[in-house]
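Engineer: First to last, the protein sequences are chains A and B. Counting in UniProt numbering, the first sequence tops out at residue 277, every number present. Counting in UniProt numbering, the second sequence tops out at residue 277, every number present.
The hints are simulated quantities; they were obtained by calculation from the structure and are not laboratory data. Take the hints with a grain of salt, since some may be wrong.
Each pair may be met inside one copy or between any two copies, as identical chains are not told apart.
[To be verified] With a Cα cut of at most 25 Å, we get these calculated DSS-like pairs of lysine-lysine: (1) K49 to K112; (2) K39 to K67; (3) K49 to K234; (4) K234 to K146; (5) K49 to K85; (6) K112 to K273; (7) K273 to K55; (8) K39 to K269; (9) K102 to K146; (10) K39 to K49; (11) K146 to K67; (12) K234 to K39; (13) K203 to K273; (14) K269 to K49; (15) K203 to K55; (16) K102 to K269; (17) K112 to K203; (18) K234 to K102.
The primary structure of each chain is shown beneath.
2 protein chains.
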Amino acid sequence: MQINNQSRDVFYVSDGTAITCETLGHVVLGQFPFIPNEKAFPFVETPDKVADVVKEIETSYQRNGVKPLVFFSIVLPDVRELLLKAPAFSYDVLASIVQRVKDDTQMEPQPKLQRSRSVGKDSDTYFDRIAAIEYTLAHDDGITLKGLEEADIILLGVSRSGKTPTSLYMAMQFGLRVVNYPFIAEDISLMRLLPEFEIHRHKLFGLTINPERLTEIRENRLSGSEYASTEQCKLELDTVEALFRREAIPYINTSSLSVEEITTRIMEKAGMKRRLF
Amino acid sequence: MQINNQSRDVFYVSDGTAITCETLGHVVLGQFPFIPNEKAFPFVETPDKVADVVKEIETSYQRNGVKPLVFFSIVLPDVRELLLKAPAFSYDVLASIVQRVKDDTQMEPQPKLQRSRSVGKDSDTYFDRIAAIEYTLAHDDGITLKGLEEADIILLGVSRSGKTPTSLYMAMQFGLRVVNYPFIAEDISLMRLLPEFEIHRHKLFGLTINPERLTEIRENRLSGSEYASTEQCKLELDTVEALFRREAIPYINTSSLSVEEITTRIMEKAGMKRRLF
């Protein structure tokens, strides 16, 4: 790793996956102008493992002459103490909030290793999540329209409007059973909903996208094709949006949104109960 | 929502998706003995929207006689001020760390709405992620073994050892292109690797699982079948583990791990560069 005014070494250190540390670190660092050179150290649970991390921090400091930033979350006191001896600016992402919750609620925290998503104790949650992923895979891209009564939501949209990644994210993070169905040429020329969807109207949700963005995405896939042409994209989108409006199907424009944002907005608009895995 | 000694109303409030707030809140609350009644309020960016949240907080306080807990992240000062007037124990999940990074680095933070994963500025990242998801879907469950040269990793294991959820999580969160291949009866009786894998040996990674756990998972799917029987599970696992050892393929036991943990451990063991989306 090199350093200059615009860059900084950043380490994420955790006794768990370090994914929470890293996610939080990204949001914090997003507010600063330097470019982070990042490295994650998961499962740092022993003095031996933390010694390796400390060594890397020392190397970084010696090389750059500037202390690296360390975002960490470590429950075991002796492991934590060792980490805090390293030459770094270190931020415990949990400790100050845990302390404040303790003071406010007058309850004693019981520190434990971060196994928040482990399957050991909560097998039902695990099976719910796996079942949601399997259901969603089986109902991706209109593969089948059987079993719609088990769906939590049915996403509709033209090819490349973001249905598949959104569906998988919804299943993975929120345990939702998602059907996604692409409008094909015939649906578009008839401008109608499939009869299979009639009794599940309340589950329907539309995705749309700007024609320019759709063209860009389709060009990336099939450059120069009619499928990717601005005219074709515009025709499909105009027709589908008219259908959404006529049938009173709620819909959102995915053009400048991440799958996290699309998912969150859909769940909010559809009034779905949120349960993060 | 009801409250008693064992439960507390908890709100996650953010001008973004609130997923970071909620993830952090889960880890913090995992250390306390009460049961959280949770509700998330994403995209709280205006005085109007925050007024609705404040109203819900007031209702909770009046109903329970105990202040609810609020984990929040809001950049706009006027919106934040309104939230802080509500009768709650409120925790800004970012502010204190941002302040300390500012002090330590002597750099000025530029607060911005949390669009960390938006596609606007970083279209390449978006396409990388989508491409990884598509590649992984196309190579799920041995559907095809074409294009292995593009794979970042190839997961091997018996049916129900956790390959599909792990593959999708790797693609979604880390942008990895993952192939997963289930050992079928013929592979197991011949106890050999497919010749297609030979030149990609360095990409192979095995998943295994305890026979009892595998039986439980398969019973959940096909109750009473030979497929789910302890003998069959044990036979398959013994054979496959022997193969992993003989061929020097690294492997892990997924029995008590979440997909996040399986993913993190594989990436660590395989020495893969980590880049969180």
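Engineer: A separate judgement is required for each hint: does it hold in the structure or not?
Structural biologist: Against the structure, the hints:
1. K49 to K112: Result: close within a single copy only, 18 Å intra versus 36 Å inter.
2. K39 to K67: within (15 Å within a copy, 39 Å between copies)
3. K49 to K234: Neither: 56 Å inside a copy, 34 Å across copies.
4. K234 to K146: neither (31 Å within a copy, 34 Å between copies)
5. K49 to K85: within (14 Å within a copy, 44 Å between copies)
6. K112 to K273: Neither: 28 Å inside a copy, 28 Å across copies.
7. K273 to K55: between (46 Å within a copy, 19 Å between copies)
8. K39 to K269: Answer is between: at 15 Å across copies they meet the 25 Å cutoff, but 37 Å inside does not.
9. K102 to K146: For K102 and K146, neither the intra-copy (50 Å) nor the inter-copy (55 Å) Cα distance is at most 25 Å.
10. K39 to K49: Intra 15 Å, inter 37 Å, cutoff 25 Å: intra-copy only.
11. K146 to K67: neither (58 Å within a copy, 46 Å between copies)
12. K234 to K39: For K234 and K39, neither the intra-copy (43 Å) nor the inter-copy (39 Å) Cα distance is at most 25 Å.
13. K203 to K273: This pair counts as within: shortest intra-copy Cα distance 14 Å, inter-copy 40 Å.
14. K269 to K49: Between copies, since 14 Å is at most 25 Å while 46 Å is not.
15. K203 to K55: neither (54 Å within a copy, 29 Å between copies)
16. K102 to K269: neither (35 Å within a copy, 37 Å between copies)
17. K112 to K203: neither (40 Å within a copy, 34 Å between copies)
18. K234 to K102: neither (56 Å within a copy, 47 Å between copies)
Violation of the numbered hints given earlier is confined to hints 3, 4, 6, 9, 11, 12, 15, 16, 17 and 18; the remaining hints are satisfied by the structure.
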